[in-house]
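**Student:** Just so you know, the sequences run in chain order A, B and C.
Residue numbers for the first sequence follow our numbering, beginning at 1 and rising by one.
Residue numbers for the second sequence follow our numbering, beginning at 439 and rising by one.
Residue numbers for the third sequence follow our numbering, beginning at 606 and rising by one.
Treat the hints with care, as some may be off.
As the list claims (entries may be wrong) - Lysine to aspartate or glutamate pairs mimicking EDC-like chemistry, simulated, CA-CA at most 20 Å apart:
#, chain 1, residue 1, chain 2, residue 2
1, B, Lys516, C, Glu679
2, B, Lys516, A, Glu138
3, B, Lys448, A, Glu208
4, B, Lys488, A, Glu208
5, B, Lys516, C, Glu696
6, B, Lys448, B, Asp484
7, A, Lys212, B, Asp484
Hints listed in this document are in silico derivations from the structure and should not be mistaken for laboratory results.
Note that the structure is predicted; figures quoted are calculated from it, not measured.
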Amino acid sequence: MATAPELLPYGQIREDLFRPLGGVSRRYVLTLVAAMSVVLLGAFAWFTQLRDGMGVTGLQRPVFWGFYIVNFVFWIGISHAGTLISAILRLTDAGWRKPITRAAEAITVFALMIGGLFPIIHLGRAWFFYWLVPYPNERLLWPNFRSPLLWDLMAIMTYVTGSVLYLYLPLIPDMAQLAEHATLWRRRVYSILSLGWTGSDREWHALERAMKLMAGMILGIAISVHTIVSWDFAMAIAPMWHSTIFGPYFVVGAIFSGLAALLIVMALIRSTMHLERYLTWHHFNNLAKLLLLMSLLWTYFTASENLTVWYGNEPDEMAVFGARTRGAFAPYFWAMVILNFCVPFVLLGVKKFRNITTSVIASVCVLAGMWLERYLITVPTLSFPRLTTATSFHYAPTWVELAITAATFAGMVMLYLIFAKLFPIIAVWEFKPHEEEE
Amino acid sequence: MYLFAEFHEKAQLTAAIRALKDAGAKDDDLDLFSEEPVELRRGVLDRPSKMSLVSVIGAVVLGTAVTSFVYFAQNNYKLITGGMPTFSFWATGVISFEMTMLGGVAATFGWFLWESGLLRKRDAATPVPLVAPGAISLRVRCASERAAYVSDVMYRAGADSIELKAA
Amino acid sequence: MSHRWGMAIDLDRCTGCEACVAACHAENNLPLSNPEEAAKGRAVHWIRVEHYYEGEFPDIKVKHRPVLCQHCDEAPCEPVCPVYATYQNPEGINVQVYNRCVGTFYCANNCPYTVRSFNFFPPEWPEPLQMAHNPDVAIRMGGVMEKCSFCIQRVKRAEGEGANPQPACVQGCPAEAMVFGDLNDPESKVAKLAKSGRATRLLEELGTKPKVFYLEKTS
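Chain A extracted, bound-state conformation (with noise of 0.2 Å):
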């Protein structure tokens, strides 16, 4: 086994791990030039849609929400990488978190922003989003409180809000020795951002126990985010989405995907930024064994949702549930179970099979999967409603919504890589080389 990154001396540390901030190269800029472009075709695709009409979607009656509503839920699911793993691991302590943190809590914060987005691109009249804002108006009109998008607006405020300060906070110190080391206008950016930190023990202590306090805070918030996206469907008399489990199922699923996410980036982080003395294969292997395990609770709760629903054999429900299972969804619910089932126990279950690049792949297979999930949840229940005779247009999305898509992905590539630029993507103060005594 390789060291464990703590053991390395401090300056070699703060080196390795300041040492990517510094230059550009080659297949950076290309990284970037290429992700922004499918990020501007999707803003154009944005404005296509503001300019003519929602009909330039593949949305229809009765299917009202699709892609845009699974790629909400997906990227909200996402965001669960971050803060909710890191703020379990910091609250028991576990010291192998230490590299992992900070490359789990940008994601959050960039899923967050890209998740946050679809809510505004799906409305028909986006401009007029801030209307679910109570803001004092001269008609007195109010948002309604009982929508459970408004419980979303808010969810996602707080979490926005929890999950940036909670990255910002530990990039403090970080940023205080980085305004030492930088020059120009970085220099000037660290400083202000670090708000004139000294470093001394007051502010340790307050950081560290704000840290605690908020990793607290942002394990309720994490968990009811994602609970309140699933009460958007659960809330409904719908066939299939009117289920108490809704909520568990969702959370236990975003933690499952945001696990795969924080997998790849930090793979890619790994092989790209030469930090394979920080990312050993130990962190690798807990987190695909944490991985492991959210893959079976997320069989579990698939098999009881679905179970639950063919014994009770109601009609409505049967309707949906023949669709996804056997009829014409049925490809991609099983492709689903192989992608989130099949594959990770398999390639991670067996020690043999484990190793850094099967638990990439097995991710990978993880992010797919779970994208059908929010699809099987979203799609196959609108499409079946209760009075037969509203049925079944096929929903197909059009170039617009697989444009936003994409360019949903390629933000995150793009955010990803600018924020990897600007800030170490290892809290280096974390290494603490004075060791708590016994």
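Based on the hints, put chains B and C in the right spot on chain A.
**Tutor:** Coordinates of chains B and C only, in the frame set by chain A:
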């Protein structure tokens, strides 16, 4: 009058702090500077904090305020939807929960800025030591006639170097 | 006592001629569609006629059921709207405020009757059809939800004149299968029909308490 003493071993630092406090130094006169958090045993150099209390208060205040606002807003413009009560505690409960959490987060962050001294006006005359990586600098505030005594105490505890700075 | 508007539709009388659909289109300025959009399920209808077939030809029984907004007392579409674009007005009509709608689609997803239509594109009328618009009904812009309003413009006008209101579909029904009126008035025809024992309500088991009653021979 300020004294900077640089330490590399936590045991020596602890000994120095204990000796200084025996000689009458107060917690407020002592500050540690380092590039990473230094955790000392309880009772050596405690920094009591009200952060937990403040975050609970922040949570309760914002949660209550928003719940009352929702109560006001719903009754201010009564509209019937879906046979629900005008103000439904359960439907609003989700918003109350989220805003309670937001209050807690905001109060924690605000109190962090206050307690760490980052947002307070700082005395520009107070010198801040430059710390080498891995070292811990102990800043002691004392009267100038006691400086020789204090530095002697710290040398005996194992300080690597001591610097004097006039206030 | 305020009004509580409701409707009774006699399925034993309905011939499935869809005159109600045509009348509704003319009265309420429904946007026109084209074959491509209609094939995608985007044609806007506030009322549709569902056809049910029993048995094999020639021994076949056909049933028609006009489905419009059921104006539920406890409408699932209402609480989910974040901006109050749809709510229960004091006379029991489930109203849609087009100018307030931001287009979250949530109401349509939560409507078990699938009677809500969305303006996927801004509506267009070829010349000179825009001259035939009903001036009492607003033209909806693209991006908002719309649905049957029980011809609220006719209800309001009839209230002003002290007459009995008649929505366009009711007036247009040649078989006189549809009856509209005040459910709070025990003498009204619709209230009597609603209590007649032939009345059922659509998807009543969901607890939505619709105000549209379907009359059928119960054997």
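**Student:** Which hint numbers does the structure go against, in order from smallest to largest?
**Tutor:** Violated hints: none; all satisfied.
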